[in-house]
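Colleague: Sequence:
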Amino acid sequence: MDDPGTLDRPANDYVALAAEQIDHAVLVADASGRIVYSNRAFHSMFGYPRGDMEGRNAAHLLATEGFDGGILDRLRGEIAQRRTFEEEVPVVGKHGEVFWMSTVVKPLYDDDGELAHYLLVFSDINDSKQIQRMQRDVLEAIAQDRPLREVMDLICRRVEYIAPDVVCSILSVDEEERLHPLAAPALPPHFGAAIDGLRMGPKHGSCGTAAWRKQSVVVEDIETDPLWDDFKALPLPLGLLACWSSPITLRDGRVGGTFAFYYRQKRGPSIWHEHIVRACVNLCVVALERDEATTRIGRLAYYDGLTGLPNRTMLREQMEARFDATDSPGPAALLFVDIDHFKDVNDTLGHPVGDSFLREIASRIVAEVWDVDIVCRHGGDEFVIVLDGADGPRAQRVAEALLGRLAQPVRVEGVTLPASASIGISLCPDNGTDSATLLRNADTAMYRAKSEGRSTFRFFTTEMNRMAQDRLLLGALLRDAVEQGQVGLAYQPQIDAATGAVAGVEALARWTHPALGAVPPARFIPLAEDFGLIETIGEACLGAGCAQLRRWDEAGYEVPHIAVNISAIQFRNPDFPFVIAQTLAKHDLAAGRLTVEVTESVMMEGYPTALDNARRLRAMGVTISMDDFGTGYSSLSNLAKLPVSELKIDRSFMADLEENEAVQAMVTAVIRIGETLKLRVVAEGVESVAQRRFLEALGCDVLQGYLFGEAMPPPVFEEWMEHHASSLAPAARLRAS
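With my numbering, letter number 289 in the sequence shown gets 319, and the count goes up by one each step, no holes.
There could be a bad hint or two in this list.
As the list claims (entries may be wrong) - DMTMM-like cross-link-like pairs, simulated, lysine to aspartate or glutamate; straight-line CA separation at most 20 Å:
1) K136 x E117
2) K671 x E705
3) K233 x D251
4) K708 x D658
5) K136 x E50
6) K616 x D605
7) K373 x E412
8) K373 x E569
If you are wondering where the hints come from, they were derived from the structure by calculation, not from laboratory data.
Work the whole structure out from these sequences, hints included.
Modeller: Okay, structure coming up:
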């Protein structure tokens, strides 16, 4: 724009005429800042009458008190650089009201390049500034983690302040597509109560319909619009005649709620209202998503992500509130539930199957004890249940019911898995009155239940404390022994029943501690399972046994084969056949010289990896022996399908073999089964000549027991071999003659 001072009069008139027609406030000031011209829009915006501004300094229009005091400095700096100043600034109207304007100040120069005038143009941005201030305050409240309802209430109140002609309401939509009031400060409580729980749908007022359609719904006359037929009795008595509702659509596409304006006239939204709603819906999205994230974080902090049960953190807080916050907590029972052999499931079938297995177990526990105060996943395969007010008999009833429900096989991804649990019980106040003691004692009782056969429960006793401490100490010593190679092997001979010759040896793990002496296998093997050492011991024994067999070969001792006991977890490991192949190759042994002994439960429980491993080992030529046959739940139909080559009659049958006809019948049946299925039969635990003769008469293939020799370290076994060979020579000559 040219300098108005240098234009001729007609030109000035045209400029003034044009300025009068625009909606922006226009001022022209001289070089000293005194106003020489103001247009119609200026007087309308600022409230000054025409002719009242000429001669005043334009700087007085700036609102500096309580605002940015550097505006004038920045303005002078721009002008000094002969640049146009553009900024959003607060200005003061005639009556002292402050509002925001987008302000442009352009310096105008005369023909000599001297500053002659300023052109000032103001654009009203007060509405957008009000929205910005609301956005700032709401976002600040969200960042401060203020409760969702408080944030939504703030939005409604700020909206009703800047748009007093509306009544604001915000609803949430839950996972079942039901509406719930979040904020509506100008509406009476009964209004929200009537809406609470309403399902969104095609004719459920403006809000329910907007949520259902996922688009805005404008109803300009509630009384006549069919969307409000069933609900108009709510707004009309309050003088609310129209409603505009918009869905709050979250970033994942879900409708998280609705944002609504109610009007006291029959009307639709204005452009100003549209600006407000657009901003507020976005704020609601941020608030709802932040609240959901906070809830998720809270669930992660207090709930188990796999089962949905309360986790260890929530258990601790609940138990502290229940037991530690008072000197005399009332009676209660704490059940510590541990799922038997869960590690086998994870290690052999993988964590996805293990996760599904645990979810099913958790659902069974909840189904059985749904009405108790506390039930949580303590971690891994452990669960804790607190029965408030319970005594011993009630705790026992619950434990028995749980064991029965948990003993049912679990079907997971096409595989039927056995299930059972061990439960320890501590009682308040008998076994403790604080949470830590009760939990520790229940855990101790649970380990007693596991050590006594699993799939059972035990109440805590004071004697268990000492035993638990002994167990922990022994477990630590065993771990050290494994690391230091103190767990070794002893070898028990297996005798060919027909010839009396050595048919092989069974390698048996032995642990001799420098201070404790010999620790019985019945004591340290279960401990190794509980402490996660059984695979390490198993692989070490396998390698040591094969190495010893090779040394005997090189020394000229005739030991046809070696039998090694393999734990369930080791046998179910998908890599186990590879470990066997590597071990045999390392010691240059034929596969047929190795017998792998597993209990019948390992073969019968249906783990696909166990059966697959057995088939792979059988194909390699390794003998699979079913240990402790007859003590479990084998059936002939299953046995015929299994890739086993040998049955071992458990030593428990030998004690009564000479006198008990029922035992004799069972042993006879096992030997006949072996004959029928062409399986070698080994009887272990043979201790008397009478037992030997009975078994030989039935045609048992191999005998093993103290009658022939106990488990011996290699040097002693070698002496035994030499003695046994010399004792066989006369018998061999007698048979030859």
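Colleague: Does each hint fit the structure? Answer for all of them.
Modeller: For each hint, the structure was consulted:
no.: 1; hint: K136 x E117; in the structure: holds, 12 Å
no.: 2; hint: K671 x E705; in the structure: holds, 16 Å
no.: 3; hint: K233 x D251; in the structure: holds, 15 Å
no.: 4; hint: K708 x D658; in the structure: holds, 18 Å
no.: 5; hint: K136 x E50; in the structure: holds, 19 Å
no.: 6; hint: K616 x D605; in the structure: holds, 17 Å
no.: 7; hint: K373 x E412; in the structure: holds, 12 Å
no.: 8; hint: K373 x E569; in the structure: holds, 18 Å
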